[in-house]
Amino acid sequence: MAITERQRSAYIAATAADARVNVELEAEGMTLNIGPQHPATHGTLRIVVRLDGEQVLWAEPVAGYMHRGYEKLTEVRTYPQITTLVNRIDWLGSFCNEVPFILAAEKLMAIEAPPRAQHIRCVLFELGRIANLILFLGDMGVQLGALTPVFFAFRDREHVLNLIEAATGGRFHPNFDRIGGLKEDLPKGWIDETKGVLKKVVGFCDEIEDLLMGNEIFEQRTRGIGVIPPHIALEYGMSGANARASGIDFDLRRDEPSPLPWSQCDFKVWTHPDGDSFARYWVRLQEVREAAKIVEQLLGTMPSGTIQAKVPRIIKVPPGEAWVHTENPLGEMGYYLVSQGGLGPFRCKIRTPSFSNVSITPWLLRGVFVPDVITILASLYFILGDIDR
Amino acid sequence: MADDTLEATAEPEAPDMLRQPMLDLLQSELGDDVLAYDLIPGDELVVRVERTAWRRAVALCKERLGLTYFCFLSGIDWKPNPGLLGEKAWEAEEAVIEATEGALDADAGDDDAAGADAAAADDAAAEDAEAAARSPQTGFRTGVAGGESRFQVFARLYNVTTHVGLTLKVDLDEAEPRIESLVPLYRGADWHEREAWEMYGFDFTGHPGLRHLYLPSGFEGYPLRKDFPLLARIVKPWPGLVDVEPMPGEEADPDADPLAGVE
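Each protein sequence line maps, in turn, to chains A and B.
Just so you know, we're using the working numbering here: the first sequence kicks off at 1002 and counts up by one.
Just so you know, we're using the working numbering here: the second sequence kicks off at 498 and counts up by one.
One chain only, chain A, in its complex shape (with noise of 0.2 Å):
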């Protein structure tokens, strides 16, 4: 059944011809392998380059160094068991990849949280997102060298994992929602604390876009690089910023009723016509923003009580099929649970962003220059445990 290296190689001959560069000069290329471990593949990613000259014939990425088997795995546990596994998919923003799962089980179940515990729930989101893109805002500096603004990055993140650390408990892996509510209520203090670090959140935007957006040197090595129009983005399922960069108005938070309280807030969903590396770096700076927004609107209206549904000791999902996707820092990621009426999901099919992000360069690698690779790789912003699952 397994495909042969004959069979490989006349794929791979074929998708070169298709590129339509320089076929003829094909024989006389070569490879190059960036990774699996290279600073430029956030984890270990390795991407196989047929190069003629500076210029890319064709790019294969090799993923499943990380594959861990979550959906395997999520069929021998309970569901409280399952939140565990899945904060390691998108390790940058942990609480993110609870909350659609949590919210596909209490929907099966027919339970819903306090109006408290989804504040809270909102809140930590958001707060993961703006961990999370902080990261890669100071990240892509660092891949078209300029070594200043991920030091920044860094710097300012700790103030945000630090507010997560207090609420949660866990820096990176907060396994802090509950079906039905949350783990526990906030800290004493804590809403006056991030209040202030929401300042400093903006204030590190308003730096990086100093340092980076006007800089020339990050202007040429963007503007017009690895520009995706917005029907292939579709086609291949492309998501958050990287598709609103291609123009494509499109979030969840604001489109999708949710039981999370985004739509009691005002924010902007910023969309960019170009498509291509810079404005998806633009998108997103404007997405931390947006973020910082969010979360000082719904601190201002924090409702109290409680922060737990009556639930059952032992927890059991009625027979169902539901399907939850929330807008996280990636793009949108969704749970298709199917459940038998078990302790845990009979099956669940867990979407996530970067999988289908990262199936473009194929696509999108064909005839860009070399240095251009890692740009494009840098500005489709994927993590590896989001698409290796």
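If you are wondering where the hints come from, they were derived from the structure by calculation, not from laboratory data.
Every residue, glycine too, gets a C-beta built ideally from N, C-alpha and C.
Treat the hints with care, as some may be off.
Across the chosen pairs, the derived CB separations fall in these ranges [unchecked claim]: (1) Gly1197/A to Ile537/B: 21 to 31 Å; (2) Gly1204/A to Pro726/B: 38 to 48 Å; (3) Lys1200/A to Gln524/B: 49 to 59 Å; (4) Phe716/B to Gly1170/A: 32 to 42 Å.
Here are some chain B residues pointing at chain A (derived, C-beta under 8 Å) [as the list claims (entries may be wrong)]: (5) Pro512; (6) Leu515; (7) Tyr566; (8) Ile573; (9) Asp687; (10) Trp688; (11) Pro720.
Straight line, CA to CA, 20 Å or less: simulated EDC-like cross-link-like pairs of lysine to aspartate or glutamate [to be verified]: (12) Lys1073/A to Asp724/B; (13) Lys1108/A to Glu717/B; (14) Lys1196/A to Glu1055/A; (15) Lys1196/A to Glu1072/A; (16) Lys1201/A to Glu1291/A; (17) Lys1200/A to Asp1267/A; (18) Lys1108/A to Glu541/B; (19) Lys1200/A to Asp1211/A; (20) Lys1294/A to Asp1207/A; (21) Lys1196/A to Asp1186/A; (22) Lys1294/A to Glu1208/A; (23) Lys559/B to Asp1250/A; (24) Lys1200/A to Asp1186/A; (25) Lys576/B to Glu1072/A; (26) Lys1201/A to Asp1211/A; (27) Lys1269/A to Asp1250/A; (28) Lys1073/A to Glu717/B; (29) Lys1201/A to Glu1159/A.
Using the hints, position chain B against chain A.
Structure of chain B alone, referenced to chain A:
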């Protein structure tokens, strides 16, 4: 089977102005190839189509319904999971907890008694529902919109302007799970189908190159099939549903075969 599902869901309280027309179009274009559907107004639409009409149905969704965003494609194996050996252990524990809770809350009022009655009624209802949910063809329990075989492929498509999506399902032959590829319609289906191919062993005809995505080439077996053993859990059945270790003071069951039920 199909008729049952049609009747059961044909009485929505408030008609869904977005999803109902989508369903109507699919039904008028595909006719009998729409085998079953489930429409929850304002929430979800699941349509199960005939195997031969798979690509035609998806093309209709893309071109006529504007579902241009390819969300995901994956598979389901409806065979009961043989790895859930420990679920009985959990149920015993649950009975103990319920008994102690009952004793503790006995003087707290008769709320819990009413709750227990309701729970018993729920259990009975659940058993009826369970019997109804079994597929007459395979005897396996199936999900929303039913199923006639062990394997199913399901895909989700979405419209980014109207913000409505739908899930399409198709049954696959158990002996020869083969289905048309969606790559000609959505380029993004490439990786999703490669994943379903290596995880379930489904063959997608017309796919440009079914190669391993996550697993090393030469990997044998299909990990997400229910009969593929989760080796780590057999060596050491911990934690979770398969937690069958004896409690202190209890004798381990010498007949318990950790590989029971695993083919």
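Flag every earlier hint the structure violates by its number, smallest first. 1, 2, 5, 6, 13, 14, 15 and 24
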